[in-house]
Structures are given as structure tokens and as C-alpha cells.
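Residue numbers (the working numbering), protein chains in the order written: chain A, 768 to 1051; chain B, 768 to 1051; chain C, 768 to 1051; chain D, 768 to 1051.
Hints are computed from structural coordinates only; laboratory data are not their basis.
What you are looking at is a predicted structure, and each value in this text was computed from that prediction instead of being measured.
Honestly, I wouldn't trust all of these hints.
With a Cα cut of at most 27 angstroms, we get these calculated DSSO-like pairs of lysine-lysine [as the list claims (entries may be wrong)]: (1) C/Lys-1046 x D/Lys-970; (2) D/Lys-1010 x D/Lys-856; (3) D/Lys-1010 x C/Lys-970; (4) C/Lys-1046 x D/Lys-1010; (5) C/Lys-912 x C/Lys-895; (6) A/Lys-1046 x D/Lys-1010; (7) A/Lys-1010 x D/Lys-1046; (8) B/Lys-970 x B/Lys-863; (9) A/Lys-915 x A/Lys-856; (10) B/Lys-856 x B/Lys-1046; (11) A/Lys-912 x A/Lys-863; (12) C/Lys-1010 x D/Lys-1046; (13) D/Lys-1046 x D/Lys-970; (14) A/Lys-895 x D/Lys-895; (15) C/Lys-1010 x C/Lys-895; (16) B/Lys-1010 x A/Lys-1046; (17) C/Lys-912 x B/Lys-895; (18) D/Lys-970 x D/Lys-915; (19) A/Lys-841 x A/Lys-863; (20) B/Lys-1046 x A/Lys-1010; (21) A/Lys-1046 x B/Lys-970; (22) B/Lys-1010 x C/Lys-1046; (23) B/Lys-1046 x C/Lys-1010; (24) A/Lys-895 x A/Lys-856; (25) D/Lys-895 x D/Lys-915.
There are 4 protein chains.
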Amino acid sequence: MPNSAILLISCPDRSGLVAAITDFIATHQGNILHLDQHVDTLENIFFMRVEWDLAQFTILQSDIATHFTPLAEKFSMTWQLHFSDTRLKMAIFVSKEAHALYDLLARWQSGEFAADIPLIIANHPDLKPIADAFNIPFYIFAINKDNKAETEQAQLALLAQHQPDFIVLARYMQIITGEFICHYPQRIINIHHSFLPAFIGAKPYHQAFARGVKIIGATSHYVTEDLDAGPIIEQDVTRVTHKDSIADMVRRGKDLEKTVLSRAVYYHLQHRILVYNNKTVVFI
Amino acid sequence: MPNSAILLISCPDRSGLVAAITDFIATHQGNILHLDQHVDTLENIFFMRVEWDLAQFTILQSDIATHFTPLAEKFSMTWQLHFSDTRLKMAIFVSKEAHALYDLLARWQSGEFAADIPLIIANHPDLKPIADAFNIPFYIFAINKDNKAETEQAQLALLAQHQPDFIVLARYMQIITGEFICHYPQRIINIHHSFLPAFIGAKPYHQAFARGVKIIGATSHYVTEDLDAGPIIEQDVTRVTHKDSIADMVRRGKDLEKTVLSRAVYYHLQHRILVYNNKTVVFI
Amino acid sequence: MPNSAILLISCPDRSGLVAAITDFIATHQGNILHLDQHVDTLENIFFMRVEWDLAQFTILQSDIATHFTPLAEKFSMTWQLHFSDTRLKMAIFVSKEAHALYDLLARWQSGEFAADIPLIIANHPDLKPIADAFNIPFYIFAINKDNKAETEQAQLALLAQHQPDFIVLARYMQIITGEFICHYPQRIINIHHSFLPAFIGAKPYHQAFARGVKIIGATSHYVTEDLDAGPIIEQDVTRVTHKDSIADMVRRGKDLEKTVLSRAVYYHLQHRILVYNNKTVVFI
Amino acid sequence: MPNSAILLISCPDRSGLVAAITDFIATHQGNILHLDQHVDTLENIFFMRVEWDLAQFTILQSDIATHFTPLAEKFSMTWQLHFSDTRLKMAIFVSKEAHALYDLLARWQSGEFAADIPLIIANHPDLKPIADAFNIPFYIFAINKDNKAETEQAQLALLAQHQPDFIVLARYMQIITGEFICHYPQRIINIHHSFLPAFIGAKPYHQAFARGVKIIGATSHYVTEDLDAGPIIEQDVTRVTHKDSIADMVRRGKDLEKTVLSRAVYYHLQHRILVYNNKTVVFI
Chain A
768 MPNSAILLIS CPDRSGLVAA ITDFIATHQG NILHLDQHVD TLENIFFMRV
818 EWDLAQFTIL QSDIATHFTP LAEKFSMTWQ LHFSDTRLKM AIFVSKEAHA
868 LYDLLARWQS GEFAADIPLI IANHPDLKPI ADAFNIPFYI FAINKDNKAE
918 TEQAQLALLA QHQPDFIVLA RYMQIITGEF ICHYPQRIIN IHHSFLPAFI
968 GAKPYHQAFA RGVKIIGATS HYVTEDLDAG PIIEQDVTRV THKDSIADMV
1018 RRGKDLEKTV LSRAVYYHLQ HRILVYNNKT VVFI
Chain B
768 MPNSAILLIS CPDRSGLVAA ITDFIATHQG NILHLDQHVD TLENIFFMRV
818 EWDLAQFTIL QSDIATHFTP LAEKFSMTWQ LHFSDTRLKM AIFVSKEAHA
868 LYDLLARWQS GEFAADIPLI IANHPDLKPI ADAFNIPFYI FAINKDNKAE
918 TEQAQLALLA QHQPDFIVLA RYMQIITGEF ICHYPQRIIN IHHSFLPAFI
968 GAKPYHQAFA RGVKIIGATS HYVTEDLDAG PIIEQDVTRV THKDSIADMV
1018 RRGKDLEKTV LSRAVYYHLQ HRILVYNNKT VVFI
Chain C
768 MPNSAILLIS CPDRSGLVAA ITDFIATHQG NILHLDQHVD TLENIFFMRV
818 EWDLAQFTIL QSDIATHFTP LAEKFSMTWQ LHFSDTRLKM AIFVSKEAHA
868 LYDLLARWQS GEFAADIPLI IANHPDLKPI ADAFNIPFYI FAINKDNKAE
918 TEQAQLALLA QHQPDFIVLA RYMQIITGEF ICHYPQRIIN IHHSFLPAFI
968 GAKPYHQAFA RGVKIIGATS HYVTEDLDAG PIIEQDVTRV THKDSIADMV
1018 RRGKDLEKTV LSRAVYYHLQ HRILVYNNKT VVFI
Chain D
768 MPNSAILLIS CPDRSGLVAA ITDFIATHQG NILHLDQHVD TLENIFFMRV
818 EWDLAQFTIL QSDIATHFTP LAEKFSMTWQ LHFSDTRLKM AIFVSKEAHA
868 LYDLLARWQS GEFAADIPLI IANHPDLKPI ADAFNIPFYI FAINKDNKAE
918 TEQAQLALLA QHQPDFIVLA RYMQIITGEF ICHYPQRIIN IHHSFLPAFI
968 GAKPYHQAFA RGVKIIGATS HYVTEDLDAG PIIEQDVTRV THKDSIADMV
1018 RRGKDLEKTV LSRAVYYHLQ HRILVYNNKT VVFI
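When you get a sec, could you build the whole thing from the sequences and use the hints?
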């Protein structure tokens, strides 16, 4: 795998944006591997993800940001620059349910996720054997309503030692406060077991059963202070019938949860997601 | 197509129900074509749909109900008896959007719906040419907030002349009052252009766009007094991305609406739907 | 709707392609509305679709091709230039089945297809009433094995009078010869009622039933001389069970056929499809 | 979970079958939990799965078969009797790919599969650490073309010691001979990484990429002597585009393979599958 640079850009739309950005790359001998752009014509916002091969690029990797800054300023860009050879660090939060954790770790072990996992944080000890089998440090914080503020501070202190780039809530089942979220804005990925915005909050399969829906779903999203209302990254669904009990929905929903969460993690790791107006542009 | 009888049954669950019902059929030389049953173990309710060939059946078609009544009473059954050679009458309500109406009529003309369509009721004249092309009487009622009560009465009077078995709201876009609904309980089928319970009410595609969902859907349901909250018959979804404008969602959603509505009509015509607790059992 | 230009390009991949093309547009004050590109890294082929607003464009619409030619030659491009205000002409071929024709015409009438339909060609008279209802000339050619060569010549002669841009086979059910196809290369769209390459040829639902598959599908593709083996444009599927008879598969498959064919027509009309190596790039 | 009896029946269709079977159950105080039946009207074959609670059943569990035999003989039934409290034994065969094995074992550990796994057989040592983590004996047989006959005999000898009820090929990637299969007829479940009957044999994702399909799939089936041609149990698909490389298809297909294989195992464990004419009836 050759090293490549990835630029994520958003800015007011105007003529000449793609030409200016791709000219910057071409002038310095970069070969574009992937280019996606989108214009929100209602809001007049331009979005772009461009990835180019650094093999022949004439600007040093460490100098690219400096060279790109004048262009970015000219067009009032909000931008991120990433390199494909930089492994992100991903912390995982879990509770008692094993399926999402197993799935994440099996993918990670097989090389599907080019990331490091410095630690797993849990509010129960149940999943420690799984963390042990994969040789990942496992920390237990018995968080509850009464100790939430100080326990989150302790979690943040531990995280500060490990410096994760983002956090994955693999059925963590705890509401995270705004105090915590503001340390990882648009960097906490949750999986909710319904097709949001239907069935926000607790026990969505019970809600789905009570309402008699014919389809259940799962939604991965970035966590914001509004419960289950953050920018949606990915969703998927499966059909159910009157024959499916709540237990059947829980069992079948697990397959959705695993897949939908892992896709969000994959897109995040590949810097394919742009967030704006509480929505996402996902360049797949 | 041989004529067949269809029994739809619900009652408290207990041992011997299936044996008693199928013995009634077998004793009189009926050959079962389809049998589906379901038990809601939480509510302890038994549901059954059984269809049998009448060719050799030793009870006259007109006497079956009388002969079945003692059994029904013994088990406290709620039951319906239908015959496959009875064509139902279906009234259609429309507004300005053509796609659902065209789809229903094309299916009807091809023989997919074994039903008669005595009339189409609209609140705008736009779709009259379509009704004319299919030779179906088309009545316009310029209903609005101020004249709703008396206009619904006029609609009911017209319907009373035609005696439809059920009503299909093919994107009718008007809220129907409880006064009207009580004349056709569990016999008015609506198509709502979202995966309920998400995006109840007006402009669901606009709501979906604003929320940034990655999946849009459509839901057919029986109409009750609670807006978009009646028993769900069928749902389906399709994926969308950030590239889909509201207009794209509207265009793509039409395919869902057509299909999901027509499936509900098909199941209703085949007496495959049982309603209880604001949910449906659909024996497909 | 403002008028826009659409360039479809394929050429050997090299650095600077996107920059050169978008610079051509930006230099002449074109604002890019959509841009998609793809590189087949195995074959080293670059593909691009770019659409830009002509409102401020400083080159006359009629001169754009001339101005673009030097750039195209420099990069050895194969290219097409289209304008969004040019309505394509679409001929439709049918046999006896109405559903695909009805669906195409209802979409066309509602404005979903910005195209003209100069004629419908059939090998049976059954669907003439539908063509009449939509005021489209309907021609019958009683084609069979023995008269195929001369009948196709007669069809071509009639088509030559109407100059359609492309042909849609809406369940035409006749094999078209290479003699005919060569007049409309990559411009004849067929719908096959299976998920190709499974169940090529006649009676695919019967084949699917016999094999006991749990999913049936439909495939739209450009017609080539190899039966059901042309470049696939779009596919979709639906689940079936042991309960689905062949008649059920036929009925349920119609919904797939309609949708999958209409999507292909829509993409073709919007110049979203590039064909190479018997495959398609569809920029959705 | 109360203990229940499950009868799987197939026989020539005739009047009175359901009544006779359910009367047998009701007469002995069995309460039916689930009942599904199906008639193949083309072949005139009746299929049934009925499950009833044994709590009040007046025949001893060990005597049920004896009591049922006269009825079975009267109607020329092929039948199986199972009990929900009997845990099946499942052997797993693997090669080098971990995803399907991980998924099976995680489901098993979570209690989703009520089965025992006496052993895992592999043709490579790669996955031994996974077996070790789950404390399951792992045996390596370096099978190849030249030693296939004697190696299969050795495998059979090992299996004979463990007496598995069925075998799951979790991406085993070896062709099994008829000599082997005849020891486990309709009891070897394979996962093939295509929507069969498309792309039989080796490297189906490469075949799918070359054909340019827009949908890829996976199929679980019982193994027969004809390669990838056995009775299909379950299939599922996912959409792909021109952007998906073969590596992307392999990665994304793994999610299908895991899910489709696990569903087949689940149905098999619950005795929901009847095989006839190289097809399955799956009572879900």
C-alpha cells in the first residue's frame, strides 16, 4: 500500500474550486486516487474528499499543510489533512453485550480496521475475558447516575493517557454527558438499535414490537448532547413479521448492529465522513 | 380457479383449537389449501387463517357459517368467513399525485386484484383523465377545513350507494375524521410516505432530508383516528445518500409507495390480515 | 431548470486529468454542479462525468465541442458532450405484458423522464389500447423465426424515420439479432427477469422455482449479441420462500422489473452511464 | 424454557392430514406452540412442522414415536421427531479465513446456538488460536488432491468418535467427495460466497467483478455431490458499484457469509428445514 494524502474540505460553493484544488495536486505531481465532491445547493456549501498518491509528490508530507493553507484561506475552507499511513487509535466502550465487541475485534484482528486499540472501557466486568483473548487492556468503571460526573472525569483522565483519536460505543448503554462529549466532538460513534428517528431511547425493540412495525433497524451516529439525535452515519434494516417475538428482534437486530457499527468505524477510519448541520456527507 | 372458503379466527389460546377447526373441515370433506396460525404468547391470543377447497365440501356454501357457529361459540372465537369467488368492491380516494392511482389501476386491469372499483373520489380534478381511460366513475369533492364535516357526509352518502367493501387512500393527502372512519373500521388503507413511526404528518421526505437519514421508507396501514398511527400492514425502504435532494427522495419514494400500497391491497383482498391491539397479523 | 453541459470521459489514467478538465470549465466561468470520477486501477482507465451550469459559461454552447477537442486529444479521451435541455427520443418495444409499459408511460407522463416517445413497436396488438390512451403511435410487426431478418429491416426503416436516440425493450421477449443491434450500439436497454448471470434465457422464474432459490431478481442491461450477457446497468432482488409459486414469482417479479428498468432509463437519460469491457460505470 | 416436541412431516397430500395430526396432539393434552404447513401443489406433497409443549402431554417422551407410528404409516409419512431439550452436536470445518468461525463461536458462546461443538477440523493451522480461546479441540488434516481419499477416511474416523449431528463448513474451501457426504446426508451445511446459481466454483467475487454485477450475495446450502448445487437454505445480497474492487467485494461479502451461514445453522438447530427435490422448505 503506497502512502496517500487525504483532504476533506468544506467551504462556500463558488466556481473554480475543484480546478484550484486539483491544480494544487497536479502541479506538485500528485496522482489522484479518489475524488468525490458534493454541493448542498440549498445551503450553498461545497464538500470534497480527494486522495492522492504521495509517491511522486514534490512537497514533503510534513510541509503539505503549510503549502495548502493559502489556497484554503482564499476559499474560506474548513479542512482536514490525513495520511493513509497514520494508524488511528480507537477506544471502545462496552457494557455486558458481547456481539458488537466481538465483531469489532475480529475485524480488527483480520486487518479490516487499520487502527490501534489502546483500551476498552466497561461499566461491568462481563466482557473482560474477550478483551484478554485479544490482549487489550480492559478497565472497569462502575458508573451510575450518582457518580456519573466524577466517573466520567476518571474515564477522561485515563483516556488522556492513551490519546485515542475516537471512541466507539459498542452497546455501552450509558448516556454520555455534554461535559464528556466536548472532549471528543464528532469523534464518538454510537450504535442505536433502531432506525432513527424512530424509537429513540431505551428498549427500542420493545417499542418496535409494541408498535407492530414490519421492519426493524439499527443506526450508527456521532454522539451529541441530544440523545440519539446526532449526525447519522449509517443505517440498515431487516424485515420482521408478527412471528418475531421481542427476543427474536433482539437476536436478529444484533446482526444489524454489528454491521452498521462496523461500517461507521470503517468510514471514520478512512476519513470518508464530513459533518455539517447535524447531518453527514459520507463519501463511499 | 376452484372456489375456496377462508376462515379468519382469533380467540383465547388453549389446547385443541387447531384440531377442532381442522376436524370440522375434514369431517365435511374439505381439503386444506393453506393454513397459518400464530399465538401471541404475551397476550395468550390464538390467530388462524385456513383456506380450503369447496369442490367436495359437504356443507352448502350458504350454510357453512351456521354450521361453524357452535364451534366458534365454544372457543369464544372472533371470526370472519370469506369465499374466494366473491369479488370485493374497492373505492379509491386520490388527490393530485398520479403514481399510486396508475399503479393500482394497471394491476387491477391486469387481473392482479380480483376486485371491482365502483368509483374514485378526489378533491381535485387533475386525475380525472386517468379514471376516464380506465372507465371508472370519478367524483370530485372540494373538501377543505371549513366544509369537512358536510363534505364527508356527502362522500359517505355517495359511498352508501356503491357499497364498497373497503377504501384505498392513494395519496389522498386529507385527514379523515373519526366520524367518517367509524363507517369503515379497519377497512380504510392509507399509504404514508415514511417508515412509520418516523416522520408522522406532513412532508415526511422534507423531515427525512432535514434529519439526514440514510434510508427512506413507506408504510401502508389501516386508518384510525390517531394520525399515521393505525395498524401497520406493510413497510419497505430504500437507501439514500447525501446526494439525494428532497426531489430525489420524492421521486424514489414513489416506487416504495406504489409497491407498499399495492401489497396491502393484495393482502386485504385475500383476507390475509388480522388486526388486534393496533397491530396486524399478516399471513403471507 | 438552467441549462447545463455534461461531459462523459474515459481515457488512460495519468496525473493532472481532473485539473486539466476542471480548469477548462473554470477558465470559461462554468460552475460545476456535479463531478464524479473513477479509476479502474487494474486497467488503468480514468472515467469522469462532470456537469456544469451554462448560465455564465463564456463559450457558446455550439462551440464547446470545438474548444474541448484539443484537450481531449492531448489526453486521448473518448468523450461525449450532452446538454440537459436536449430531450432524447426513446422508442419502446413491447409484446403482450403491460406492466413495464404502463410504468414507463406513467413516469413519462408525470415528467420523471425528460424524453419524447415517438413510437411503440410491438409484435402483438394487445397493448395498443395503452399506447392510444397516451397518444403514442403503435406499430405491430408480427415477427417470428422465419421472417426475422426482413422484419427487423422493416423495423429499422421505420425507426430511421423517427430517429430515436435509444430503444427500451419493455418485456419484448424477442431475441434481437446482431444486424439490428449494430445500429444502436449501447443504446438498447433490456429488462431480464432474473439476477443475471443466473437464469439466462427463457422462463427465468420457472428456472428459479426449480432451483429453489430464496431470492429472485431483475436485471437491466444494454443488449449485445450474446443473449442476456450485455453490460449490466442495474439489478434488484426480493426474497421468496417455498410458499411462492411460479405465479407468485411472476407477480412479485413484475415490481422488480418495472423499477429496475425505469432506473436504467433514468440513468441513460441523464447520461450517467459509461460502458467499457462489457461492464458499466454508473455515476449515481 | 419448557421442553417441547417437534414433528417434521412430509407425505402425499390428502384431506384430513392436519386434522389427524393435530388430533393426535390434542387428544394427549399437547398444546401447540407453532404449526406450519405447506403443500407443493405441483408435486402434491404435504409438508408440516408442528411443535407442542410437553408439560401436560400424556404420552411419555420416549413413547411418542411408538404412538405416532400407526398414524404415520396410515398416511405414508416421512417424519422426524425431535425434542427441544436435546442439544445437537455440530462439527465445524475451516481453512484459513477467520470471520465465519469467529461469528459462529461468538453466537454459540452467547447462547444463540443451543448446541455443543465437540471439535473443529482444519486443513491449515492458522485458526487454532481461535479454537483455543473458545476451548474447542482443533484437529489439522493437511488434505490435498493426492491424499483426499485417505484423509477423508481419517476425518470420518475422528468424527465417528465425536458423533456430531451435523457439520458446518465455515469457508472450508475444499471439495468434499460423495464418499464423505453419504455419511452425513443433508447434514453438511456449506456457505458459498455468491448468490447461487450464479458464480459456482472458485473465486466467485472475481467472477462477479468480471461480470460487472451490481449485487453480490452469499448462499448457504446442504452439500451434495454436485458442486454448489445442493438444496439452498438461505441467501442474502448487498449492492455493489463500479467503485468496489475485488478486495472490497471480499470484505463486504464476509458480512453476508457470516449472516447467511449463521441463519442456516440456526434453522437447522431448530429443525425448521425439510429437504425434497433438491430444494428446501424452511418454516421460519
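Now for the hints, and whether the structure bears them out:
1. This hinted pair checks out: C/Lys-1046 and D/Lys-970 have alpha carbons roughly 19 angstroms apart, not beyond 27 angstroms.
2. The hinted pair formed by D/Lys-1010 and D/Lys-856 fails the criterion: a straight-line CA distance of about 42 angstroms is larger than 27 angstroms.
3. Straight-line distance between C-alpha atoms of D/Lys-1010 and C/Lys-970 comes to about 32 angstroms, which puts the hinted pair past the 27 angstroms bound.
4. Restraint check: the Cα-Cα separation between C/Lys-1046 and D/Lys-1010 comes to about 12 angstroms, which is no more than 27 angstroms; the hinted pair holds.
5. At roughly 23 angstroms between alpha-carbon atoms, C/Lys-912 and C/Lys-895 fall within 27 angstroms of each other, so this suggested pair holds.
6. Taking the CA atoms of A/Lys-1046 and D/Lys-1010, the gap is near 24 angstroms; set against the 27 angstroms cutoff, the hint holds.
7. A hinted pair counts as satisfied when its Cα atoms are at most 27 angstroms apart, and A/Lys-1010 with D/Lys-1046 qualifies at roughly 24 angstroms.
8. A threshold of 27 angstroms between alpha carbons decides the hint, and for B/Lys-970 with B/Lys-863 the separation of about 15 angstroms falls inside it, so the pair holds.
9. Restraint check for A/Lys-915 and A/Lys-856: the C-alpha separation of about 25 angstroms stays at or below 27 angstroms, so the hint holds.
10. For the hint pairing B/Lys-856 with B/Lys-1046, the CA-to-CA distance comes to about 24 angstroms; that is within 27 angstroms, so the pair holds.
11. Restraint check for A/Lys-912 and A/Lys-863: the C-alpha separation of about 18 angstroms stays at or below 27 angstroms, so the hint holds.
12. Of the pairs offered as hints, the one joining C/Lys-1010 and D/Lys-1046 holds, with about 12 angstroms between alpha carbons and a cut-off of 27 angstroms not exceeded.
13. Distance hint between D/Lys-1046 and D/Lys-970 is fulfilled; the C-alpha atoms sit about 24 angstroms from each other, no more than 27 angstroms.
14. Distance hint between A/Lys-895 and D/Lys-895 is fulfilled; the C-alpha atoms sit about 21 angstroms from each other, no more than 27 angstroms.
15. Between the alpha carbons of C/Lys-1010 and C/Lys-895 the distance comes to roughly 35 angstroms, so the proposed pair goes past 27 angstroms and is violated.
16. Restraint check for B/Lys-1010 and A/Lys-1046: satisfied, since their Cα atoms lie roughly 12 angstroms apart, inside the 27 angstroms limit.
17. Between the alpha carbons of C/Lys-912 and B/Lys-895 the distance comes to roughly 43 angstroms, so the proposed pair goes past 27 angstroms and is violated.
18. For the proposed pair D/Lys-970 and D/Lys-915, the alpha carbon gap of about 21 angstroms is at most 27 angstroms, so the pair holds.
19. At roughly 50 angstroms between alpha-carbon atoms, A/Lys-841 and A/Lys-863 are farther apart than 27 angstroms, so this suggested pair is violated.
20. This hinted pair checks out: B/Lys-1046 and A/Lys-1010 have alpha carbons roughly 12 angstroms apart, not beyond 27 angstroms.
21. Proximity of A/Lys-1046 to B/Lys-970 is assessed by CA-CA distance (about 19 angstroms); at most 27 angstroms being required, the pair is judged to hold.
22. For the suggested pair B/Lys-1010 and C/Lys-1046, the alpha carbons sit about 24 angstroms apart, so the restraint of at most 27 angstroms is met.
23. The suggested pairing of B/Lys-1046 with C/Lys-1010 holds, with an alpha-carbon distance near 24 angstroms, which does not exceed 27 angstroms.
24. The straight-line distance between the Cα atoms of A/Lys-895 and A/Lys-856 is roughly 20 angstroms, inside the 27 angstroms bound, and the hint therefore holds.
25. Only pairs whose Cα atoms come within 27 angstroms are accepted, and D/Lys-895 paired with D/Lys-915 is accepted, the gap being roughly 22 angstroms.
The structure fails hints 2, 3, 15, 17 and 19 (numbered hints given earlier, in ascending order).
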